[in-house]
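Protein chains in written order, with full-length UniProt numbering: chain W, 1 to 679; chain C, 1 to 679; chain P, 1 to 679.
There may be inaccurate statements among the hints.
Because identical chains share one entry, a pair is satisfied inside a single copy or across any pair of copies.
As the list claims (entries may be wrong) - Simulated pairs of lysine-lysine, DSS-like, Cα-Cα distance not exceeding 25 Å:
hint, residue 1, residue 2
1, K93, K106
2, K568, K386
3, K243, K423
4, K472, K577
5, K386, K242
6, K181, K92
7, K178, K235
The hints are simulated quantities; they were obtained by calculation from the structure and are not laboratory data.
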Amino acid sequence: MINSKLPKIWYGGDYNPEQWDDPQIWAEDNRMFKLAGIDVATVNVFSWALAQPDEETYDFAYLDETIDRLYKDGIYVCLATSTGAHPAWMAKKYPDVLRVDYHGRKRKFGGRHNSCPNSPTYRKYSERIAEKLAERYKDHPAVLIWHVSNEYGGYCYCDNCEASFREWLKERYGTLEKLNKAWNTRFWGHTFYDWDEIVVPNELSEEWSGNRTNFQGISLDYRRFQSASMLECYKLEYNALKKHTPDIPVTTNLMGFYPELNYFEWAKYMDVVSWDNYPSLDTPYSFTAMTHDLMRGLKQGQPFMLMEQTPSQQNWQPYNSLKRPGVMRLWSHQAVARGADTVLFFQLRRSIGACEKYHGAVIEHVGHEHTRVFRECAELGAELQKLGDKVLDARVEAKVAIVFDWENRWAIELSSGPTVALKYVEEVHKYYDALFNMNVQTAMIGVEEDLSGYDIVIAPVLYMVKPGYAKKVEEFVAGGGTFVTTFFSGIVNENDLVTTGGYPGELRKVLGIWAEEIDALLPGSTNRIVMKESLGTLEGSYECGILCDLIHTKGATAVAEYGSDFYKGMPALTVNKFGQGEAWYVASSPDKAFMEGFMAKLVQDKGIRPLARGPVGLEASRRAKDGKSLLFLLNHNAHAVTAELEAGKAYADAVSGQAVSGNTLEVPGYGVVILEEAK
Amino acid sequence: MINSKLPKIWYGGDYNPEQWDDPQIWAEDNRMFKLAGIDVATVNVFSWALAQPDEETYDFAYLDETIDRLYKDGIYVCLATSTGAHPAWMAKKYPDVLRVDYHGRKRKFGGRHNSCPNSPTYRKYSERIAEKLAERYKDHPAVLIWHVSNEYGGYCYCDNCEASFREWLKERYGTLEKLNKAWNTRFWGHTFYDWDEIVVPNELSEEWSGNRTNFQGISLDYRRFQSASMLECYKLEYNALKKHTPDIPVTTNLMGFYPELNYFEWAKYMDVVSWDNYPSLDTPYSFTAMTHDLMRGLKQGQPFMLMEQTPSQQNWQPYNSLKRPGVMRLWSHQAVARGADTVLFFQLRRSIGACEKYHGAVIEHVGHEHTRVFRECAELGAELQKLGDKVLDARVEAKVAIVFDWENRWAIELSSGPTVALKYVEEVHKYYDALFNMNVQTAMIGVEEDLSGYDIVIAPVLYMVKPGYAKKVEEFVAGGGTFVTTFFSGIVNENDLVTTGGYPGELRKVLGIWAEEIDALLPGSTNRIVMKESLGTLEGSYECGILCDLIHTKGATAVAEYGSDFYKGMPALTVNKFGQGEAWYVASSPDKAFMEGFMAKLVQDKGIRPLARGPVGLEASRRAKDGKSLLFLLNHNAHAVTAELEAGKAYADAVSGQAVSGNTLEVPGYGVVILEEAK
Amino acid sequence: MINSKLPKIWYGGDYNPEQWDDPQIWAEDNRMFKLAGIDVATVNVFSWALAQPDEETYDFAYLDETIDRLYKDGIYVCLATSTGAHPAWMAKKYPDVLRVDYHGRKRKFGGRHNSCPNSPTYRKYSERIAEKLAERYKDHPAVLIWHVSNEYGGYCYCDNCEASFREWLKERYGTLEKLNKAWNTRFWGHTFYDWDEIVVPNELSEEWSGNRTNFQGISLDYRRFQSASMLECYKLEYNALKKHTPDIPVTTNLMGFYPELNYFEWAKYMDVVSWDNYPSLDTPYSFTAMTHDLMRGLKQGQPFMLMEQTPSQQNWQPYNSLKRPGVMRLWSHQAVARGADTVLFFQLRRSIGACEKYHGAVIEHVGHEHTRVFRECAELGAELQKLGDKVLDARVEAKVAIVFDWENRWAIELSSGPTVALKYVEEVHKYYDALFNMNVQTAMIGVEEDLSGYDIVIAPVLYMVKPGYAKKVEEFVAGGGTFVTTFFSGIVNENDLVTTGGYPGELRKVLGIWAEEIDALLPGSTNRIVMKESLGTLEGSYECGILCDLIHTKGATAVAEYGSDFYKGMPALTVNKFGQGEAWYVASSPDKAFMEGFMAKLVQDKGIRPLARGPVGLEASRRAKDGKSLLFLLNHNAHAVTAELEAGKAYADAVSGQAVSGNTLEVPGYGVVILEEAK
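Can you build the whole structure from these sequences, using the hints too?
Quick look at the structure:
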């Protein structure tokens, strides 16, 4: 548990006082932080240029003063290493820190996320400043946690990356023969005879439009390599920090479903996962919930930090609407309900210049506390204080798991054919959403996760099956588990080479089917999934689209069939009894109604009950520790709704302590109720 | 007055006889010019390569002959300096004349607008050829005016520009400390410790997609710098010309609302403003009128030159439809009605090769005069001769002014948040359009303009408030003026740094309000402006959108309020009595009906009367001098309409001299009537 | 006739056994080829890197073995020279083989179509390997034909190309004076004084967005030059092959209406035309038919090779749907019906890695023959064997010809104005489609083709009229022919310089009209073509759009007039009697109903009869030789239709030999019937 030094939900956020050289403003900040119940400030995120004005000078006077000033007023710090953007002098003196972009252009100084992860200069100086910070603040009582760099991301294609990529490939493949095989380079006569013939895959070589490639093998490996290169930078800082402060936890702020980094790999080297939650205007709240669950899943359920969210407005969306009254609180509790032990904002005081000045803050440009936004922040601050340590380190338990894998995602997105309409994350969300709407708690897991704790494991579009994974699924099913996968699964191995002998490749055995062809539907066209008999509420017929696998049962039972086209009557949904369990195959991408019926049937078969019942928009999540549990009821509607609780339990409001009578409860519009449960 | 040597509305246009090495064609040209009443030809626009075939050779024989040949037939010249496109040999020998583009690519020879404005070579040779032309033609009686370069535009991002930018910044800020402050470089750790660390802001550094930037400060300054750099080129030529021909006026052709150059700065160095009017197919005629008014406003109402328009067709629109019969005359008189003292075409004879060969011309490819286009040109030529000097130098008087500022535009377009839907020029046009439809004469003014002559000053989206401007507004209102501004005004200073203490910053005092939050509406969403009581025709409720400021009155009166959302009931329109006048704040972007009612109310309060009344599409404009005035009535409809004139005046047709009886008048479809008015 | 060594329709396709180093798989391949009736394999397409692992080593062991193994089982080879993609080592050692792209970027190794056509290295080594292959396999009985490189395409803009372009221009123009004239360089002052001042036209100089240019002259010449440069590469290999194997035919696979290469020029150096037929999902079947006819027209009607098509699925479309049952056979026979003497697939066995692994193949990933796709392939194989040599070398006879010219296409696409809506290929297709729907056989011809064999010649949008072509048309019409052309014709010469004196320039005499203006219509706007009297089924009025020429008759008769706008009543369709024939001018782009009525009238006037009658979707085509003919009936509908045959003939099924009774015949859904005809 990271919160031991400050045993409550940490509350605060990014704070950049260096943008104001004004003691009066700093004093105001502290005054207002206290008014708002803020006890944690994330500092030093972008102060590299300030702390290191040239190659040999380091000056932490400003940081000393900041941390002391905060701590004097009871505010702890999340201390960043400042390496998220390199100084201008460094770019001028050592251009190797500058990236070459996807279009092959050497960049000049500017922006952030701007350092080449294989730049010797960047690695040297980022590690060095991390170590200097650790030495300096290792005993400061204010320091709760280290925040390495900021929102790692973006790829580089420079000569240093090219050279490092070749070394990485040597490490991975050993011989060129193996590499040529893995990348199938005899296609289009691309055989490599010397490692130095390999060039980075971007718009100047094998790729175009970001995710289009001639060779999936090299493109997939380059994503692995860039993710690993950046992770290497993180680890250099991590180790430098740990050398001096072995007991202070270290994190870096992730970005949910961010496509470019394999966060399951990263999480192995993070003491705690933290992430920045910026839903877009059209993000469904179940998608936000799924993202929280994924972030929790990165470390097998360990609670995480909500490192950033906006108090009200964003600035980089095309249309930045205000969070409606109550919504900031609602979304904060949604994070906590799903595993967050912190509620932190970007930012505590609004910048007055540059591109984030129209991003919301606890202290707005007007500068005083008499604003709607501040009032809502202060109310939440007070509530979190009342909540104390009740939720800290409590776990979210789930019997249903959905598999998500970044490398599978890369492979699907890089695929040339059969359809551009297939979006992996959307397919995953379809399954999640159906479970969410039933208030069935779901875990988001990676492919290295042990499956034995789950009743149901769903792996939508498991296109890439890694070594041993089919075996793991077989064991899970044989032991009584329910496994679900879909069209376009089991197609390739970890190098994106097709498993011959019939789709879905290594999954054929457990699924008991053969997929002969895969039809891609035009936009607007659909087929139908026609149930052969009712399965609970799953009856009649449903729309489906995107891809339709033309499958033959090889042991499985066809539960539904296609309703039209030349493959009318072929199986659209199959189930295969395998050992003690069963394995389902959904041959196309179904509509929402099918999903809900299908998930309801599976869940019911396993005796898994919803956490609460209520109308659409009522979200429930439970966190438990030490035999106690908290039930969060969150109402995403603007109007009040009634939640129906599990009978036979006693409930009390976790904030007020008041007992709840009966087993129904009204949750106000955009409201949140947190209940302590007792049997 | 520029027209003294040829005291009538100059008529003619761009003429490139060098494209035909054929005396017979030249003779035909002169014959047809005379047939069409053409008396001015713009020559030498793109002849640099011809006049200077290599670095040291100058040969003006062709130009001598051209000017003499024209003048012999009574045709004067607008003499261009030919520096709008550099010669190919220069690009080869001195690559510094070639630009580096926004994407960071060094260009090769090609196109026009192709010279780097900070190229030593370009500056040296453009100045030199201007001087040579001045020396040679200083006493030629044909020369009416100098036309420097052509349609300046486009930015460069080369190393010479980078070095010059640093010098320009040193000049502007003096110290890096001030620059760092102005650009808020502590954001994202961008502090500069050496001037040479500063790089040009383009897609390789701080910007992307043309108008997106990480740092508004540097991007804004780069726009200022490039506009100034090009102006510097213009001034070098201007001074070279003036040295030898102090009495011949100098101009360069502008392009209306062209975004990249701050024309208010440019106009200070132009003896007369001239511009090229190429409405797009979807340009409203009130937008064209507004653009004429802006061009007139650049030099505080001084008449301008219509330097280019097409006789019929354009070539670079996606769909180049013909100007319908009568429309060329209609749009020519629209220019004159709003301040033009010339009617010039691009082009007199159509090219037969390269990209403008499908651009219309007085002499079409067929080569003879028996075309619809030529007939219409000749009829207009005859009419302008009859009109003589009646309109020359006459002024357009307006009691209503709309403020337009290029730097404000840049800042708004560079802003990250709150919405991409906000288009400054469109918001300005909404106000203009409402006044235009009432035939209320409006001036388009810059922020340096004295306000004392106006009754009403409207500054839509005055996002950037420059030093002293708030004071100027306060004095104007205190003195009895009516001031109007809108949502997202008063936010930043001239460096795009937010004025803290509450929006609308420096304008809070005169407006008597505080804007606490700014909500951005999704596309398709709207709110309503609900009038608390009727103000003239302004009653009931209206639609509004884009942004909604959530304001509190601090002395002002709420005249209307929002009709929905959580800020329902908050003020949407306020008025503040301030001294003898009043200041209005429109908190959202209203619909057309609101605009018309609101403008009608303000105008009525000030006793400003329409120039004429009639159905939609009847435009009226008045030009006056020496106590006399001409009233232009222009019918943008295909059908005839009836105009209702001010009673109690006597009117006579300015072309025919015939008196008009009664105070109504029919204006034919696409027709124009010019009336001499007498009290 | 190319098929003499294997006198039947060759059946097979691209085969890349080097992707599997597995004798068991190779044995399976042969077994399945025989099952499917496959007798030709295209090998060595992408094996350059394999055969030449470094600069001096050549190793054809693998190829020897492949060819022997195939031939042993009776499978012949189409032997590729493998130069469609250069080896990685070559790119590393000799970067001159790498292209510079349209954006000015030097590419790195990757993809295919990747060699600069003016690279000394590429030319040297591609010629050398072609010669080595010819020497080695000149006496191998398996070799049927040479397949040079693969799908030539793409342009390069490197320094070698720039230097070669200058040489090419010297050759073409002789003097800079002539070049300056041809390109009209006095426009925008672009006069060249030295050949070295000329730079390649791409996004760094004169062009942007692919087909937009400032100077049509240079852009047109660059297209000619690049097409010629690549053809030069082809010819180097062609000559190297012919040196050793004068009797083995040589081809390269073309791509139908591929825009970048002038295939009429290429076909002169090809022994037989071959092409790859990959209809997009929205390609009308009449467009595919037109493309076959064009490929046949490249060599004046000589039969061609269908070199590639997919057995079922593509991979590079956005949505890759399966070919429905029967459709592969239908489209194969469509090719044969229109002149193909081969039916070849890409590919015989599916790749397991890289970007084409989801492209269909005869042998799918499952690896066995029990698939729908394989069954359909095998059925077609059997049918083609039964068909024997009946169709080989038979000709398609046509009395109607449609003119298509790549240089005209380039010029139209490069034009700045009057409209972006004009698509040359689409206009050509409109005429073709009307004839196709009547089952009137049509030839697609180039501008060098002799016209004397045709009754009707249609030249839609003949914008560019090359030297002598107007004369050729006059002679054709004078001799009794019917000529049709349209709006925006006769405008420019071969350098894209306008023919002055009135549109349609050199075609004015034969057409008897003058086009004064050309109006471009906005998207969604239309005019009407109103018939002045009925001409057969052409009566009443029709919609038209895109462009409307405003024409005056100068000898011609106005047959129809515009129905609206200010040019209502002006001629919209004219016919001019000229000698024994007549010349029609269609002044706008008409709707489908007009086209069908107009084509029906012309065809009827000439007594040309349909090959068969039936509902929409019934396609007929005839091939004849030695006094015998085969009539192909192809049903593009999913349901059966009845075809009405010409009376008075005897018909027998060409495959089964069974006589057909009566003169109607049912063709099944997606079905094909091939009839032997006898009088």
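Now for the hints, and whether the structure bears them out:
1. K93 / K106: Close inside one copy (15 Å) and across copies (23 Å); limit 25 Å.
2. K568 / K386: neither (60 Å within a copy, 33 Å between copies)
3. K243 / K423: Answer is neither: 43 Å inside a copy and 54 Å across each miss the 25 Å cutoff.
4. K472 / K577: Close inside one copy (16 Å), not across copies (78 Å); limit 25 Å.
5. K386 / K242: Neither: 33 Å inside a chain and 79 Å across chains, both beyond 25 Å.
6. K181 / K92: Classified as between: cross-chain Cα gap 21 Å, same-chain 42 Å, threshold 25 Å.
7. K178 / K235: neither (29 Å within a copy, 38 Å between copies)
Comparing the model with each numbered hint stated earlier shows that hints 2, 3, 5, 7 do not hold.
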